[in-house]
Every structure is written in structure tokens, then in C-alpha cells.
Amino acid sequence: MRTINPKVHRRPHSITHPRKSIALTLIMILFLAYALVPLLWLVINANKTQTELFTVSGLAPGGSFALFDNIVATFTYRDGIFGRWLGNTLLYVVAGAGGATFLATLAGYGLAKYAMPGRRAYFAVVLGAIAVPGTALAVPTFLLFSRLGLTDTPWAIIIPSLISPFGLYLIWVYTLESVPKELLEAARIDGASEMRIFFTIAIRLLAPGIVTVALFAIVATWNNYFLPLIMLRDPDWYPLTVGLNQWSAQASGVGAEPIYHLVLAGSVITIVPIIAVFILLQRFWQSGLSTGSVKG
Amino acid sequence: MSTSQPQRLARRTLFLASGTGLLGAALTACGDDAGPAENGEPADLDAALEEGGELTYWTWTPSGQAQVDAFMAAHPNVTVELVNAGTGTDQYTALQNAVAAGSGAPDVAQIEYYALQQFALSEALVDLTQYGFADFEADYTASTWSAVNLNGGVYGLPQDSGPLVMAYNQAVFDEFGIAVPATWEEYITAAEALHTADADRYLTNDAGDAGYAQPLIWQADGRPYEVDGENVTIDLQDEGTRRWADAWNRMLEPGLLAPIPTWSDDWWQALSNGTIASLITGAWIPGILQGSVPDGAGHWRIAPVPSYDGSPATSENGGSAQSVLQQSKNPALAAAFLRWLNHSEDSVGVFLDSGGFPATTADLESEEFLGAAPEYFGGQQINQVLVEAAGNVEPGFQYLPFQVYANSIFPDTVGTAYVDRSDLNTGLQAWQEQLVTYGNSQGFKVN
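Protein sequence lines correspond, in order, to chains A and B.
The numbering of the first sequence is the numbering used here, which starts it at 1 and goes up by one.
The numbering of the second sequence is the numbering used here, which starts it at 1 and goes up by one.
One thing to keep in mind: the hints can contain errors.
Unchecked claim - Stretches of chain B that chain A covers, calculated by requiring three or more beta carbons in the stretch to come under 8 Å of a beta carbon on chain A: (1) 280-288; (2) 314-320; (3) 434-447.
Think of the hints as simulated: they come from the structure by calculation, not from any bench.
Glycine included, C-beta positions come from ideal geometry on N, C-alpha and C.
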């Protein structure tokens, strides 16, 4: 009695035309909501006045358009310290993440292309270092830096950020794949120095990998919280993360002075650059991430 | 490096005090003690002010910058850099790390009364008796003075005080026909009546907060801690502590306490919209309500805290002193700044204008202060109630020399009773067990 729909047979499901799954779509929508609702909440609430924050709840709009007032207040509150925090964060990102990317590129390329004794051991150390979370190293780092007299200085944030074992590993693998030996040999025959080969040839071939490493490093440095929290005492050197937390904590205790509207506006300002970086560098990010996933 | 007994104890105290214990432990090996300044004299202070210099001052008091500006205007030779190194515990972590590291601490720092014993015992603070500060005793309320007068020394000057009082929302009380409760018995009855009449409303909130439970225990005549040098006794089931826990159980277990953490954004919201109808709180609350709960204008009133037996006994909830750190390169100048900060009309005046509740008796008893009738409180002369409470603080309550840590594990122990709405005494016993173990592991002789 059953009839088989011939259409189904004519259009078999393949890699390029996968079967649509309602369940999977629903799960994806859930995840999307999970990621976007907090963002939506943030934007809606950053647009409320301090009073509205306490009287209008949650996702309901506040009625007034206070975002720009809040942003102005954020930058002028306490002699404009927020601007200073923004500048600090940029400094840590440029010096820390920029330096990390540069060092990872140099080291990854060198290890991939030059034979040297102990390379395998080095490889093992780098792989091991990836497994150690940065938070676990924060306290030993603090002890070291405190002996060196570097706590409470920007160096305490920049120097630890310079090390990126994951970036090194990524560049290493990427170099093996995308910088052909023949090309380097040809360049050498033409008389190019190793430095010149690296800076004019290799670096171009490595660009997607470098951007990926840079993105990882930028995100990690931008969001860095625990390390500056224990390293810094002087708010003049805080990055945005620690500064915003301090503002948020101001709502408690005997001298409580809640400034949630500034915390929220500050949070919006804090996430905008990182979203921009992601959107601008997205395609590099994707191609870099898949590196090494097909052949190992 | 010498390893005399008291110093070893001090080092161990550093360890226990830092939130991340590791820091203190490893650092003590390399931390150079700043020379203890113990041979100063009162005349040094004026000389130091004359000579001038630079100071660093850590505070989160809202009027801090205005006070510093006024000080520098009066003493142009001195430069004070104000650093907001965080509120409460955040700052203590930074301070403890700096003390342990042997450098990086400020000259003067704000420290709440409950944490003062911890820093005094770890020899982080300068004993100010050498500068004649003991003579200031008569100028401060008895309870705040006893809070800075520790181990036979003076380890700070009180900035403010927080005698426990009740703030209540008259509009909500009127709407639901609730009379102002004078005893805890009446308070519990009112809590039940209000929540029964409107399930969205609560007489008060408490989601479990060590900084709140201890003043309540104190007010119930509980004295759970006794500290004598390195000998510490902890009894969180003494008569007074049980009195509080049993009374509180009667509100906690049936769900009459709003499970809203104090200072959370929900809490501010609940104060604005009348969800929470009263607060058992410190005398510093008027400034906070006026500043941050504008919707409550005209509704709030102040009354004495409910009592167990009809006596006006109360306790201290919150409040800070400022102390001079051992690491200060110029302790005489730091002490001179501190003397100005918490012992001069100019400075206390700035603090008063910002809505603070001072600890100096002259300011508390001035006619201007007592006669103030802010419209926010419906023209009530609130300071009369507050100042009376300041005189009724029961003496004899001590905090632990590792109170910052103790408060940090309160949520894991007593806090679970709040979450399950179960017997607080069980939670208090669990807390005590952990405190005893911890104290002993840190070199104290506990129980």
C-alpha cells in the first residue's frame, strides 16, 4: 500500500545538500538566543537612566533614550578615568597581543623550517604549555614579578601577555603546510638572506595564520581580568575589565554609590571594539582555524 | 631575618589573611619588614606637616577626594594621592598582597572595623599611641573607639560608625496597616502579616551575609569570638547567637525573608518599588537612601532596632577607620594627615555634607546635626534616633583575626541554610567547624 515518493530518490542527501533537521535547528536557535539575549539586555539597559534601572525591569525598555548621556557620563565620571582605562587596554593589546603575535610567528616559523637539536623536546614543552591555563600561572607570576619590583606597573600585564604557546603551535603547523620548502630554496639560490626570506616571502604566506593568532591574542588580552586584578593596585593602570568591576562593586557597603548606568554604558563601549575586530578579520579567522584539521 | 615568636605569628597571619593564601606564604620569605616606627612623639606631627612631603591614601569613601583637596589647600606642602584600590574586600586583598610583598602599600588606608584586628595582628599597622592619639578617646563614640583600640594600641582613627537601626517604608506600612515593631516578636508578626497580605512584598531581605549576621548576633547579646593574642575561642552556639538564629529561623523557614542579596541591583530595585518594606541596617543608611533611592523620597523613616527584651541595646553594623601602614616612609606625616582627616572639623564637615554618619561625638551632638529634619524622611528628625542608637551600642564584641576569610566562607556554610530555608544553627555549626580548622592551621590556638 505504501507508495514511495520518487522525488526523495532523485534528490539524495549529500555533503552539499544535507538533510534539514528540525531538532538541530531548534538547538541552534536556542544557542543563538543564549548568546544574543545577554547582549540585547545589555544594549537595552545601557539606554536607561540609573533611576529607570531600578524601576523598569529586565528586557523592558526604559522609556527614555539615555545611551548618549550615559556614554558622556561614563567618560567624565571621576575625572574621566574610563578614558584612561580604555587607553590602558589598548596599550596592553597593542604591546601584549602584538608582541605575542610577532614572537609566536618568529618562533613558529623558525621551529618549522630550521632543523635544530631538541626540536622535539621543544615541541613537547609548547604542547604542554597550551594545556596550562593562564589563571593557574597568575599567582606564581605575581610572586616573580613582585621580586622583580614590576607589580603595579604596565609591564606586569604586558610581559606575561607576550607568551602565546598556542599561537606558536598554530604558526608552526601553518608554516609546515603553507610555506613550501622549494620556495625557500629558490629564494636562497637567488641570494636572499634568511631575514629577507622571512619578512618578504614567508610572512605573506603566513598572513591568515598570523591574523588568527593575533585575534586569539587580542581577545585574550582584551578580556584579561585575573592577572591585572592581582598585579595592579593603582587604578591609573587598570584595564577596562578590572575598572568596570570596581565601578560595579561601588554599589555596596557603607559609602554605597551605585553607578550601574555607567557600568552598563561602559560595558557596551568595551565590547564594541572587540566585535569590530571580529567582523573585520572574520574570514582570516575561519581559514586559520581550520588549519591542520584535514591533514595533521 | 629574625624568627622571634611574635613575628612568626605575624607572618602566618599574613598568610591566612590574603584571599589567595599562597601569596602570603611564599612571599614572607622575601618581604623586608619596614622598620617599625615606634619612637615617634606628638610634636612630630606638626613638624612633619610643616616640612611637607608626599602621601598615598587608599579609600573608597565617596567624600575622599573632597577631603584630600581640602587638606592640601590647608597644608600646601603636603601632596596626597588618593587611590581607590577597590571597595572592601577587593582593597583588603590588594593591601594584604602589598603587606606580604613588603612594598606597594599606601601610607594611609581605609579599613573596616571588622577587618582591623586582622591587619593590626599581622603588624601591618602603626600603633598611633606614640603620637598621643590615645588622648582622642573622649572625642569618639565608645563603640568606635573600642574598635580601633586593639591589643593595647590605637591602630586607626574612626571615620564613621553604623549603630544598628531600622529604616522602614511608612507608605507600605500604612497601606498594610503595620505598626512600627518595637520588639523582634512584633517584627516577626509584621513580616508574616505583610507577606500574607501581598505575596510579592517582604518586610525585609536577607540572602545570607556575614557582614549582616554578625551585627545581628551582637545585638542579640551573642559574643561568639574571643581573641587573646594567638588564643582564639569560637562559639557560634552561645546563648546570644542562638537567640538570633532561633528568631531568624522563624522568618527564614516560612519564606518571610526576601531572598534578595543586599547591594545587588535587585535590592536597589526592591527598595525603590516597595518590595522590601524595612531594613535592619547601620546609621549610615539615610545618605545612601537619599542618594540612590530617589523614588523613596518622603516614604522612609528611621526607628530604633527592634529588641529582644525591651532594652534599647544595639550593635555596630559597618563603618571604617583609617590607619597608618608600617610600610609608610613618613609615618609622622601620615599620622598628621590622619589626625586631620578624622579629627578636624573641616574634614568631618566635608564627610557630613556627603551624607556620612560620623564617629566624633562633637559632630553627633551638635544642635545642627540633631535638629536636621530632611524631607526625604518626611521631616523626621532622624539624627536624634541615630545618635541615640550610637550611645546604646553594647560593648564587648570582638572580631576574629581572620575575619575577612571567615566572612568569605560564610556563604558555603551558613549560606546553604539560607538557600534551603533550613535551621541556621546547623549552618552556624558548620561555619564554626571550618573556622576552627582554619584558625589552627594558621598558627592560632583555636578553642
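Each hint, compared with the structure:
1. Check on the segment 280-288 of chain B: 3 of its residues sit with their Cβ under 8 Å from a Cβ of chain A, so the three-residue criterion for coverage holds.
2. Check on the segment 314-320 of chain B: 3 of its residues sit with their Cβ under 8 Å from a Cβ of chain A, so the three-residue criterion for coverage holds.
3. For the segment 434-447 of chain B, the proposed coverage by chain A is not satisfied: 0 residues have a C-beta within less than 8 Å of a C-beta in that chain, short of the threshold of three.
Taken one by one, the earlier hints fail for this structure only at number 3.
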